[in-house]
Every structure is written in C-alpha cells, then in structure tokens.
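Trainee: Okay, here's what each chain looks like letter by letter:
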Amino acid sequence: MAKILIVEDEKAINDLLKLNLEMVGHQCVPALTGKEAIRAAGEQGFDLMLLDVMLPDMEGFAVMEKVRDVPTIFLTARGATTDKVRGFGLGADDYIVKPFEVAELLARVQAVLRRTHRAEKEYTIGDITIRWDAHEVFQNGERVELTPQEFALLHILIENRNVCLSRQKLLSEAWGTDFLGESRTVDVHIQKLRRKLKLEDHIKTIYKNGYRFEE
Amino acid sequence: MKLWQKTYLLSTLLCALILYGCMFGVTAPALSSTVNGAREAALREERAIANVLERTMDQAPEGRQIPVMQAFLGYYSGTDLSFQVRDGQEDELYSSLPFAVNKAPGTMGFLRDRGRLFLFVSDRLPSGFDFLYLKDGAATDALLRRQVTAAALIGTAVALLMAAALYILLYRVNLPVSRLAHEMRTPLTAMKGYAETLRDVKLTEEQRHMAASYIAEESTRLSDVSARLLTLHNAREEATPFGPVDVEELFDHIAQTYPTVTYEVHWPTIFGDRAMLSSLLNNLVDNAVKASPAGAPVELRAAPNVLAVMDHGSGMSDEALNYVNHPSKFKKLHSSGGLGVPLCHQIARDHGAKLTYTRGTDGGTVATVTFYNTLTS
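As given, the protein sequences belong to chains A and B, one line each in that order. Per my numbering, the first sequence starts with residue 265, numbered consecutively. Per my numbering, the second sequence starts with residue -10, numbered consecutively.
Next up, chain A with everything else stripped away, as it sits in the complex:
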C-alpha cells in the first residue's frame, strides 16, 4: 500500500483516480491546485505523485520543481510530445496520456512503485502471507510451492485487487505480450491457484469479463 498525492484540477478525474487507486489498497490525498499540492507535500511524505500538466494556478512542471524526492507520473493530453520531453527532463518517472484506461493507470502506478522500491513487500490475507521479493507464499506458516506462472498470476490479481482483469490482460501481464497462449490457459491456472491456496472465495469469475481478486 502506497500513499499517493493526486494533483488534478478536474474534480471528476481527481475522484476517478482516487476511487480506483483506493480500490487496490492505496491511500490517496487529492489536490485540486498546484499550491494545494505543494502544501500537502510539505506537510506529509508521499510514495508517489500523479500530476496533471495543466493546472489553473500554475504549470504542473512548476509543482514538480517544488516537490522533490517524490516519484512522479504526470498526466498529459494526447500528442503533447514537448510535455513528455520536458517532464522526463525534470525527472518524471512515467506519464499517462488522457484519456487513459483504468487498468493501464494501475499498471503504471505499480511499475513506478516497484521501480522506486515503494511497492508493498508483503501481503497477507486470511492465513496466507505472500513475500513478493522472495517469491514465497506461506499458508498457516507453511510454504506452498507455486510455479512461476501461478505466482505471476497471483501477483497481478492482488496488485489489481477489486478490479476485474480480462483473460487477455492476465495473459499479457503474467505471461508476457509475446506469449501466444489461449485464454483457456488462464482458466487452468486460476483453477490451480484456487485449489492450492483455497482462494475460491477471493478469486471471483466475472461473467463475460474475466477474474477479480476480492479481499
């Protein structure tokens, strides 16, 4: 779980980001203006900042210069290449182009958190504890053997907990985009995961859509 500062002047989009990030377990602080963001960053530490480039009171880049040492993903309009160049020049970690897909947003947030070593190291649900770095899963203190594929699948499901992921998405995230598998492969691995870890109540099948990990 990470603490994320959301800087976006459009309340609808700010709420959208907050809703989705909180769903997967992050803690969010919204800021509607640049000044608000700088104040919030001065008062408390953050693991990540989502920053809109166009703010009513100042440019997003100016906020970035003031708020140091917080990994930043900035939100930009399609095709604004100069924005991207400028953002990366200032040390941004990634950018998201509006309009974005929720799944893509979550994936990028996770990627930056992992890269900056701010992602969660351990996850516990019921009698299961998972150590992400060591690739180890324990149930009732006993180690459960998972294949690398099963582990990757579990990882992506828990990272996007409460969010439904399509079979296609799971294939590309857990097996890699080059993998020419069938969606049946996903179903088989999900069955194995459910059986091995007794996660039948948590890994839900969403009709016509995919799978969702629910806490």
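Note that these hints are calculated values from the structure, not bench results. Careful, some of the hints might be misleading.
[Claimed, not checked] Below are the BS3-like pairs computed for lysine-lysine, each with C-alpha atoms no more than 30 Å apart in a straight line:
no., chain 1, residue 1, chain 2, residue 2
1, B, 191, A, 468
2, A, 385, A, 460
3, A, 275, B, 191
4, A, 348, B, 181
[To be verified] Computed, partial: chain B to chain A, Cβ under 7 Å:
no., residue
5, 170
6, 174
7, 175
8, 177
9, 178
10, 179
11, 181
12, 185
13, 186
14, 189
15, 190
16, 191
17, 203
18, 207
Remember, predicted model here, so these are calculated numbers, not experimental data. Glycine included, every Cβ here is placed at the ideal spot set by N, Cα and C.
Got chain A; can you put chain B on it based on the hints?
Mentor: Relative to chain A, chain B alone:
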C-alpha cells in the same frame, strides 16, 4: 506541425510565387522602356552632334578640318560624353575615351567597364571618318537599379502583409475548434474512466452512484460543447437567416429553464437569429444564476435597442470584468468559463450589437447588449 499550419505555408508559398510572377510581369516592361528610352536619347544626341561636327568641318578652311574637329569635340571634355574619331585607315585623329573601345560602324549598345555602364553609338560620317560616341550611363544605371529595388521591396512588403493577414485569419478560424476539442477531452476521460470502473471494479452502492452521476454530469458537459460547436459553425459560416424574433417568447423560454428569472419586455421584436440570440441570453443568464446566491432573482429586461441581464450576486473583481469585456485581450481566469464569453461577444457583433458587463448599483453584475445597427423592426 498542425494541418492548418501546413495549409497556411503551402498557400502562402503559392501566393508569394504568383505575386512575384505578377511583379515581374509589371516590372519587365518598365525596365525595357527605360533601356529603350536611354538608347533612343543616345542615338538622337549622337546624330545631332555628328551633324554639327560634319557641318563645322565642311565650313573649316582647307587643311584646317582636323584641328577644327579636335577643337569642337574638345568642348565636350568634362561632360558625360566622350568621342573617338578615326580616318579611313583606322588612324586615330581624336580620342577622349576613358578606355579603348573597338566597335564596328553602324552598331550601338551598352558596355560595362569596371562596374560602370556606358552607352555607345558607332557611326560612319559622310566625310568618311569613323565617329564613336560614348555616354556615361550612370544615370540610366541608377534608374534601373531603383526600379528593380522598388519592385523587390514592394513585392516583399505585399507578400509579408498577405502572409500575416492569412496567418491571422487561419489562426482565428482554427483556434476555437482546437480549444473546444481540448475541452472535450476532460469529459471524455471522465466518462471512459467511470464506465470502465463500473464495469471492472467491485464498488459499493454509494460509489456506483457517484460514478454514474459523474458520467451523466460529464455527458451534459459534452453536449454543451457540441451545442457551442454548432453555434460556432453558424457564426463562422454566417449562414444565419435573420428575421423578427419575439422577445417575450424568448424570455419566457429562458424563464422556464431558470426558475429564478423574472423579466420585463418593453421592446417586442428584435431582428436577428433566434437560435443565436437564445444561445447568447442562455449563456448570460446561466452565468448570472451561477453568480447569484441560491434562490436570488435574476432580471431580464428588454428596452428599445437594449437587452440586459442583472444579477444580485457578489459582483466581479476588476480583473474578471476586464476579461469578460475584452476576452481576446486578457487571459482567461478560470477553466470553467470555456468559450462562453468570447462566443457571446461574437453573437452580439453579428447582430450589430455590443456586449458590456458593468457593476450594478447593489454590487451585482449587469450584462448589457446594446444594438447600434437599426436592424430592429
């Protein structure tokens, strides 16, 4: 580079080419007439001098013809003319030429020496002497240069003016569309995001409600942008058929949308476009209602040649007043204002009217549309 900028560059280039072609077409006859004029003048002058020289030599005592000729031509030293006379055996009898010239008799033309232009006429006198006339063409040269420079300068100036005018025109035509396109992005992002969230995320009842409300709200915003695009299109194409508009009916329609609106009509009919006037008043009233405390009345008045919208809100800052009165000169203050105010000004202008915002007596804001052109019934 944007498409309209490419179009602009291409059309400017084409126009500049055509323009320079025209300038060349106009300048070339002028230049050739300057050259021909100089040639004819030189030929006339040479004939005259040659005639006088011939006669002077005829009248000279026998054996004194050469010295008389030399003395006669010597008078011209210090002018822009110089001469050379040779006898039939090509022996030089007289020369005041600044440099050697060898031209067959019966020819004429221009020649250059060390950057200077000269005109020559080579002639055979009836007495058998070869007579060469040379005129310094500095004046003609300068005239030619002036003509070419003037043509180039005028061409460049016209091309620049045309390029600037074209740029301003295309910029004005294309800017609002790009701005509107930008304004559509936020509602689109929100709607897409909330729809995906509703589809994929396990939400509480409250969260579902919030997501759905946002989708509804943002779609209203989108339809607002679409309405403005349509109005903008009409304003741009000037495809607005003007006709008598019933003010009472117009006001009544607005009062139905905004319950706090009261109205008075002392000007029954305006000559204009109903849809555009309605859009203008809706915009003004919408802003007035937003600026008013909840439930406070907004007044609509129609007096001869004047439409006014008054609110009893807290009024606008000087900065905001400046913006709404001159939206093209000042930077927009809030992102929410959108294209509303500039569009209102545009509609007013199209009706031969002017939109002004002032502070009301009680501190609220008054938006007045004053019609100057008597397009009224």
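Trainee: If you check each hint against the structure, which ones fail?
Mentor: 5
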